[in-house]
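K.L.:
Using the sequences plus the hints, can you model the full thing?
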Amino acid sequence: MAGPANSLTSILFALGANLAIFSAKLVAALYTGSGAMLAEAIHSLADSGNQLLLIVGLRGAKRPPNDEHPLGYGKDIYFWSFIVAVILFSMGGMFSVYEGIHKIQQPEALTAPWLAIAVLVFSILAESVSLWGCLREVNKTRGDRSLVTWFKESRESELLVVFGEDVAALLGLALALIGVSTAMLTGNPLFDALGSIAIGILLILVAVMIGVEVKQLLIGQGVDPQTHTAIMSFLVAQKEINQVFNLITLQLGHDVMLAVKAEMQQYQNQMEMIQAINSCEKKLKEAFPQIAWCFFEPDFRD
Numbered sequence: 532m533a534g535p536a537n538s539l540t541s542i543l544f545a546l547g548a549n550l551a552i553f554s555a556k557l558v559a560a561l562y563t564g565s566g567a568m569l570a571e572a573i574h575s576l577a578d579s580g581n582q583l584l585l586i587v588g589l590r591g592a593k594r595p596p597n598d599e600h601p602l603g604y605g606k607d608i609y610f611w612s613f614i615v616a617v618i619l620f621s622m623g624g625m626f627s628v629y630e631g632i633h634k635i636q637q638p639e640a641l642t643a644p645w646l647a648i649a650v651l652v653f654s655i656l657a658e659s660v661s662l663w664g665c666l667r668e669v670n671k672t673r674g675d676r677s678l679v680t681w682f683k684e685s686r687e688s689e690l691l692v693v694f695g696e697d698v699a700a701l702l703g704l705a706l707a708l709i710g711v712s713t714a715m716l717t718g719n720p721l722f723d724a725l726g727s728i729a730i731g732i733l734l735i736l737v738a739v740m741i742g743v744e745v746k747q748l749l750i751g752q753g754v755d756p757q758t759h760t761a762i763m764s765f766l767v768a769q770k771e772i773n774q775v776f777n778l779i780t781l782q783l784g785h786d787v788m789l790a791v792k793a794e795m796q797q798y799q800n801q802m803e804m805i806q807a808i809n810s811c812e813k814k815l816k817e818a819f820p821q822i823a824w825c826f827f828e829p830d831f832r833d
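Counting in the numbering used here, the sequence shown runs from 532 upward without gaps.
If you're looking for bench data, these hints aren't it; they were derived computationally from the structure. Quantities reported herein were computed from a predicted structural model and do not represent experimental measurements. For each residue, glycine too, the CB sits at the ideal point set by N, CA and C. Certain hints may be false.
[Unchecked claim] Cross-link-like lysine-lysine pairs, in silico, DSS-like; alpha carbons within 30 Å at most:
(1) K792 / K770
(2) K814 / K671
(3) K792 / K813
(4) K593 / K746
(5) K683 / K770
(6) K746 / K671
(7) K792 / K746
(8) K816 / K792
(9) K683 / K792
(10) K770 / K814
(11) K671 / K813
(12) K816 / K671
(13) K770 / K593
(14) K593 / K816
(15) K813 / K770
(16) K816 / K770
(17) K593 / K814
(18) K814 / K792
(19) K746 / K816
(20) K671 / K683
(21) K593 / K683
(22) K816 / K683
[Claimed, not checked] Ranges of calculated distance between the beta carbons of each label pair, as one might list FRET restraints:
(23) T760 / Q806: 26 to 34 Å
(24) A818 / R590: 26 to 34 Å
(25) P638 / G751: 45 to 53 Å
(26) E817 / V558: 52 to 60 Å
(27) Q774 / I805: 17 to 25 Å
(28) N597 / A818: 42 to 50 Å
(29) A818 / N773: 18 to 26 Å
(30) K746 / A643: 39 to 47 Å
(31) L678 / G751: 22 to 30 Å
(32) T760 / I732: 36 to 44 Å
(33) V739 / K813: 40 to 48 Å
P.N.:
Set out below in structure tokens:
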């Protein structure tokens, strides 16, 4: 079973990279007049805002339970992840498309395209470092799953957002580099405008993909299949349990709520059964520290 990841580390990697990239892109965009470069600068600024909102979400998710939220605030990170994916990504994407259309309608020749290319190369290197930092954390939690499978099954929305942003950023930078280089070689600014539109479409697609995954967590999703299988196997192996009828889980940020319905072994009295159940719950939480709430129902049939 995969281990825990430090989401904050990947967020800080991305934040530092995007702030540096935004500054470089903005200077180059204003100097060169590149629409694709301006689109990339806005993208990097939006990405910086993404990371700040994710940090707000992580802090909010750590608030302790109370009477109004007896299961805690773990889902707070899902809300902010959804805001990041749907609003910031989409706004960045729509702005990029708008900028590209504007450049087609009012084409402008590039100024100092070599500067734009230099900034894009620098940005690709910086974004690669950010993606490396993210993948290092992703690999801690994905186990032997492919990245595509991990993306579909992951319950860490903040990692999904950072990973999606980093991949979109690298692809967007490649599109911007192609657009600027082609415009420079041909002398036709149309290619720069097309690059901006392509970046916008890419961002919107990424926003939709992440939004769909985070929506599942918002409306109430159980643990990932690997963890569910591991918990079930653990319960079946306990000597106090004769048969597990049902196992229900609910992912609440980094915490998990778990409900078990099982047939216990035969005990002489009620106190012995209660002690057996308590023993199972203790061992279960030791084996799976993410389980914050465990509800155990003994029964003789499903």
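K.L.:
Against each hint, give a clear statement of whether it holds in the structure.
P.N.:
How the hints compare with the structure:
1. K792 / K770: holds, 15 Å
2. K814 / K671: Given pair K814, K671 holds - Cα atoms ~23 Å apart, limit 30 Å.
3. K792 / K813: holds, 16 Å
4. K593 / K746: holds, 20 Å
5. K683 / K770: violated, 35 Å
6. K746 / K671: Distance ~24 Å between K746 and K671 Cα, so the pair holds.
7. K792 / K746: holds, 28 Å
8. K816 / K792: Holds, at roughly 16 Å.
9. K683 / K792: holds, 28 Å
10. K770 / K814: Roughly 12 Å between the alpha carbons, so the hint for K770 and K814 holds.
11. K671 / K813: The hint holds at about 25 Å.
12. K816 / K671: It holds: about 20 Å lies between the C-alpha atoms, which stays within 30 Å.
13. K770 / K593: With Cα atoms ~35 Å apart, K770 and K593 exceed 30 Å; violated.
14. K593 / K816: holds, 19 Å
15. K813 / K770: Holds - the C-alpha atoms of K770 and K813 are around 14 Å apart, at most 30 Å.
16. K816 / K770: Answer holds: K816 to K770 is near 16 Å, not above 30 Å.
17. K593 / K814: Since the Cα atoms of K593 and K814 sit roughly 24 Å apart, the hinted pair holds (cutoff 30 Å).
18. K814 / K792: holds, 16 Å
19. K746 / K816: holds, 27 Å
20. K671 / K683: holds, 16 Å
21. K593 / K683: holds, 25 Å
22. K816 / K683: Holds, because 26 Å separates the two Cα atoms, which is no more than 30 Å.
23. T760 / Q806: 26 to 34 Å: holds, 28 Å
24. A818 / R590: 26 to 34 Å: holds, 28 Å
25. P638 / G751: 45 to 53 Å: holds, 50 Å
26. E817 / V558: 52 to 60 Å: Roughly 54 Å apart at Cβ, these two residues keep to the hinted range, so it holds.
27. Q774 / I805: 17 to 25 Å: holds, 19 Å
28. N597 / A818: 42 to 50 Å: violated, 28 Å
29. A818 / N773: 18 to 26 Å: For A818 and N773 the Cβ distance comes to about 20 Å; the hint holds.
30. K746 / A643: 39 to 47 Å: At 44 Å between Cβs, range holds.
31. L678 / G751: 22 to 30 Å: Holds, since L678 and G751 (Cβ atoms, about 25 Å apart) stay within the stated range.
32. T760 / I732: 36 to 44 Å: holds, 38 Å
33. V739 / K813: 40 to 48 Å: Holds - the Cβ-Cβ distance for V739 and K813, about 43 Å, lies within 40 to 48 Å.
In terms of the numbered hints stated before, the structure departs from hints 5, 13, 28, listed from lowest to highest.
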